[in-house]
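Peer 1: Got chain A; can you put chain B on it based on the hints?
First to last, the protein sequences are chains A and B.
Residue 97 in the working numbering sits at position 97 of the first sequence, with consecutive numbering throughout.
Residue 25 in the working numbering sits at position 25 of the second sequence, with consecutive numbering throughout.
Since the hints were made in silico from the structure, they are not lab data.
Don't be surprised by glycine CBs; every beta carbon is placed ideally from N, CA and C.
There is no bait here: all hints are sound.
Not close to chain A: a few residues of chain B, all C-beta gaps over 12 Å, as computed:
#, residue
1, 2
2, 44
3, 208
4, 272
5, 273
Per the computed footprint, the stretches of chain A lying under chain B, defined by three or more beta-carbons under 8 Å from a beta-carbon of chain B, are:
#, region
6, 26–39
7, 48–62
8, 65–72
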Amino acid sequence: MELVIFLAMAVLAVSSGIAVFVVDSMARATFALAVSFIAVGVELILLDMGYLGIITILMMVMEMAIMVVFMIMLMMNPGGLMPMSMFHNTRGSWLISLGTFAVLATGSLLIPWPVREGEPPADLTRALGEAIMGSKMLVMIAVSAVLFATMVSALVLSTSRGRYDS
Amino acid sequence: MSVTVWPVWGVLPVALAVLAFAVTAAILDSAAAPSGSRRLAATVFETARLLRQPRRSTPAPDALLWRIGTAGPLMVALLMAVVVPFGNGVLSNLNVGIVWFNAMDVLLWALWWLAGWGPNSMVALVGAYRFLAQALAYELPLMFALTAPAVAAASLDVTDVVAAQHHQWFIVQMPVATLVFLGSVVAYSVWGPMSHPVAADLAGGMLAEPTGIDRLVALAGRYALLAVGAAMAVALFLGGGSGPWFPAWAWSAFKTLLILAILVGVRRRVPVIRAEKFMTVAWTVVLPLILLQVLVVAILAARDASGVM
Numbered sequence: 001m002e003l004v005i006f007l008a009m010a011v012l013a014v015s016s017g018i019a020v021f022v023v024d025s026m027a028r029a030t031f032a033l034a035v036s037f038i039a040v041g042v043e044l045i046l047l048d049m050g051y052l053g054i055i056t057i058l059m060m061v062m063e064m065a066i067m068v069v070f071m072i073m074l075m076m077n078p079g080g081l082m083p084m085s086m087f088h089n090t091r092g093s094w095l096i097s098l099g100t101f102a103v104l105a106t107g108s109l110l111i112p113w114p115v116r117e118g119e120p121p122a123d124l125t126r127a128l129g130e131a132i133m134g135s136k137m138l139v140m141i142a143v144s145a146v147l148f149a150t151m152v153s154a155l156v157l158s159t160s161r162g163r164y165d166s
Numbered sequence: 001m002s003v004t005v006w007p008v009w010g011v012l013p014v015a016l017a018v019l020a021f022a023v024t025a026a027i028l029d030s031a032a033a034p035s036g037s038r039r040l041a042a043t044v045f046e047t048a049r050l051l052r053q054p055r056r057s058t059p060a061p062d063a064l065l066w067r068i069g070t071a072g073p074l075m076v077a078l079l080m081a082v083v084v085p086f087g088n089g090v091l092s093n094l095n096v097g098i099v100w101f102n103a104m105d106v107l108l109w110a111l112w113w114l115a116g117w118g119p120n121s122m123v124a125l126v127g128a129y130r131f132l133a134q135a136l137a138y139e140l141p142l143m144f145a146l147t148a149p150a151v152a153a154a155s156l157d158v159t160d161v162v163a164a165q166h167h168q169w170f171i172v173q174m175p176v177a178t179l180v181f182l183g184s185v186v187a188y189s190v191w192g193p194m195s196h197p198v199a200a201d202l203a204g205g206m207l208a209e210p211t212g213i214d215r216l217v218a219l220a221g222r223y224a225l226l227a228v229g230a231a232m233a234v235a236l237f238l239g240g241g242s243g244p245w246f247p248a249w250a251w252s253a254f255k256t257l258l259i260l261a262i263l264v265g266v267r268r269r270v271p272v273i274r275a276e277k278f279m280t281v282a283w284t285v286v287l288p289l290i291l292l293q294v295l296v297v298a299i300l301a302a303r304d305a306s307g308v309m
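Chain A extracted, bound-state conformation (with noise of 0.2 Å):
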C-alpha cells in the first residue's frame, strides 16, 4: 500500500513539475510546481520524515502564494489568454539536462553504495531539533542573520523611495 502511495506521488511529482512548462498560464505554472513540492512532501512522510515533510509543504506552498504574486506582476502573459512559449535557450538547456542526467545517472550505478550502520533514532523529529538546535546551532544563527540582512538590503535597494513619497 505504502509503495502504491509512493509511487503514485513521485508519478505526480514528476508530471506536474512537467507541466509547469506545458502549461501557458502564470497561475497554472506555478500552482503544477506546488503539486510537484506537495507530492515530495508526501514522499518525505512516507519515508517516516514526517516533520520535513510537512514542513516542506508549508514552506512550499507560501514560497508559491508569494511567487504567483511576483509572477504576474512581471510576465507579459500571466492569464495564459494570449499564446506564449515558457521555453527559452532550448538547445543549451537540452544539453545541460542531458548531461546533468547521465553524470548522474552513471553516478548512481557506479558508487559503491555504502551499508546502513546503526539505526534511525526512534524519535526523528526530536534528532533533527537536537541537530539543529546543538551542533549546527553556530551555524544556524550564522545563516539567519545573513539571510535576513539580504532580505532587507534587497528592499532598501528595490524602494529607493517609499509608496506615498512624490
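Peer 2: Relative to the frame of chain A, chain B by itself:
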C-alpha cells in the same frame, strides 16, 4: 486520561461532525442578524436557494483553478480535523500534529488566492491580493501562538498538549497566545473583522463571482474553518475534554460551541479592518507581544523541567 485513536472509518463521523458544527455556526450567525429570530431558518433557505441556483460563469475563467479555490477551504477544514482531539479520541495522533495543522492553514494562502484568480474578475483578484497581504500579517503570530503550547507540553503532538493540561489549562499561562490563535482563525477564515478580502467595498471580493453549489461549498468551508479552529483552540488552550461530571466528549462539544459562538459573534461587534492597517498592528504590536508570550512560556517550561529532574 488515555487517548483513543479512532479507526480509519472514523473519517466519516468526523467529517459529519465538522459539517454539523459548520451548520451550527451558520445558524448562530443568522440568529445574530438584526432581524432576529425570524431568520433562524435562513441557513436552510439559503442552502436550498444555492442548490437550485444555476451556475453563472464569467468570460474566460480558469475553471479548474477556480473550483479548486472555492472547494479548498472546506477540504482544509476536514484535513485539519484529522489531528484535532475531541473528547478522549482523535483520528490521528500524528507526532507532529501541530505542524500539520499549521501546514494546512498555509494551504489557504494558495486556495483563497486561487478562488480570487479563477473567475477572471477584477474585484475577485483584488480580494485575493488583500488576502495575501492579510496572510503575511497573521501567519507569523499564528506560528508563534502554535509554538507556545508545544513548548509548554514539550511535544508537537496535539494529544500530548491536551494531556499536559490536566493540572492547569494553558489559557492561564498563555492568554496572549490564546487570543492570537483565535484572531488568526478569524483571519484565515476571512471572517468578520478580517473579511477585508471579501468586503462589501469590493462587492464581495473573492466571493463576488461564485454562484450555486460553488458558493455553497465556499461559504460552508468558511464556517467549517471557524468550527475546526474553535475545536483546536479547545484542545490547545482550554484543556480539551477535561471537566467535572460530564463525559469528555460533552465537554469538548460544549467548549467548542462556546468558542465558536464567540468567533461567529465577533462579526457583528467589530468593524472590518483594512489589510494594510492590520499589517501594521500585526507586526508592530502583536508580534512582539506573542514573542514575549513564548519567552514566558519557555522560561516556565525550563523551570518545570529543571525542577523535576
